[in-house]
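*Asks:* Fit chain B to the supplied structure of chain A, relying on the hints for placement.
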Amino acid sequence: MNQTGLTFKQRNKQNTLNLAKWTVAWLLTLAIASFGPHFLWQDQTVITVAAIVINILVGVMMILANKRQLQGMDELQQRVQLNAMGITLGASLVFGLAYSLLQSSGLVLFNEDISHLVLFMGVTYLVCILVMNKQLNDEDEA
Amino acid sequence: MKNRLKVLRAEHNYTQAKLAELLDVSRQTVNAIEKGKFDPSLPLAFKAARLFNLSIEEIFQDE
Numbered sequence: 013m014n015q016t017g018l019t020f021k022q023r024n025k026q027n028t029l030n031l032a033k034w035t036v037a038w039l040l041t042l043a044i045a046s047f048g049p050h051f052l053w054q055d056q057t058v059i060t061v062a063a064i065v066i067n068i069l070v071g072v073m074m075i076l077a078n079k080r081q082l083q084g085m086d087e088l089q090q091r092v093q094l095n096a097m098g099i100t101l102g103a104s105l106v107f108g109l110a111y112s113l114l115q116s117s118g119l120v121l122f123n124e125d126i127s128h129l130v131l132f133m134g135v136t137y138l139v140c141i142l143v144m145n146k147q148l149n150d151e152d153e154a
Numbered sequence: 119m120k121n122r123l124k125v126l127r128a129e130h131n132y133t134q135a136k137l138a139e140l141l142d143v144s145r146q147t148v149n150a151i152e153k154g155k156f157d158p159s160l161p162l163a164f165k166a167a168r169l170f171n172l173s174i175e176e177i178f179q180d181e
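Residue numbers (the working numbering), protein chains in the order written: chain A, 13 to 154; chain B, 119 to 181.
Some clues are possibly wrong.
Using 30 Å as the maximum straight-line C-alpha spacing, the simulated DSSO-like pairs for lysine-lysine come out as follows [to be verified]: (1) B/K153 <-> A/K33; (2) A/K25 <-> B/K153; (3) B/K155 <-> A/K33; (4) B/K165 <-> B/K124; (5) B/K165 <-> A/K146; (6) A/K21 <-> B/K120; (7) B/K120 <-> A/K33.
Calculated from the structure, these hints are not laboratory results.
Okay, chain A solo, but in the shape it has when bound (with noise of 0.2 Å):
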């Protein structure tokens, strides 16, 4: 237990419900944004701007949520979360770069889009953590 009176298995599991909460609302949020415009307020310019800076506000509630879940794990998840932000970071810059060059000499004609990178970035996160998680947890005692 610290100073919040809290356990470890507590404040993990609020810091995460925190979050979770925060990334529904930023992904509301972002719907609202991307749909609103042409569904439900015909293009009024500034609704639009406002969705989106809420949508940005929100944002950055979700990101100071992550920053605290992060701050609350232990150092051993720290790592594997750090080590897998490094191979995402790494492998994003190394494959984007890589595609980039594949389109502009003419060897692939697939359209890329953003969400394709946040699609890769997502995945290659995910990947990261399972395998290191599984790693550590080989021989597990209860």
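*Replies:* Structure of chain B alone, referenced to chain A:
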């Protein structure tokens, strides 16, 4: 780095979960330290030493 955490834990009849709770870390971290897959930081080593009323050197030894 070698350590006697598993032996000390057994001597005190702690489960990994209980020891993790006392050290304010996850059970996976206790498991990784016991298996020698992860070397704890100095603050965590001090915490373990305080818990078992031993010096750090009596728990952790350099290989």
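*Asks:* All hints, please: hold or fail.
*Replies:* Here's how the hints hold up against the structure:
1. B/K153 <-> A/K33: This hinted pair is violated, its Cα atoms lying about 36 Å apart.
2. A/K25 <-> B/K153: OK: A/K25 and B/K153 at ~26 Å, within 30 Å.
3. B/K155 <-> A/K33: 34 Å, violated
4. B/K165 <-> B/K124: 15 Å, holds
5. B/K165 <-> A/K146: This hinted pair holds, its Cα atoms lying about 27 Å apart.
6. A/K21 <-> B/K120: Holds, at roughly 27 Å.
7. B/K120 <-> A/K33: 42 Å, violated
Of the numbered hints given earlier, the model fails hints 1, 3, 7; all others are met.
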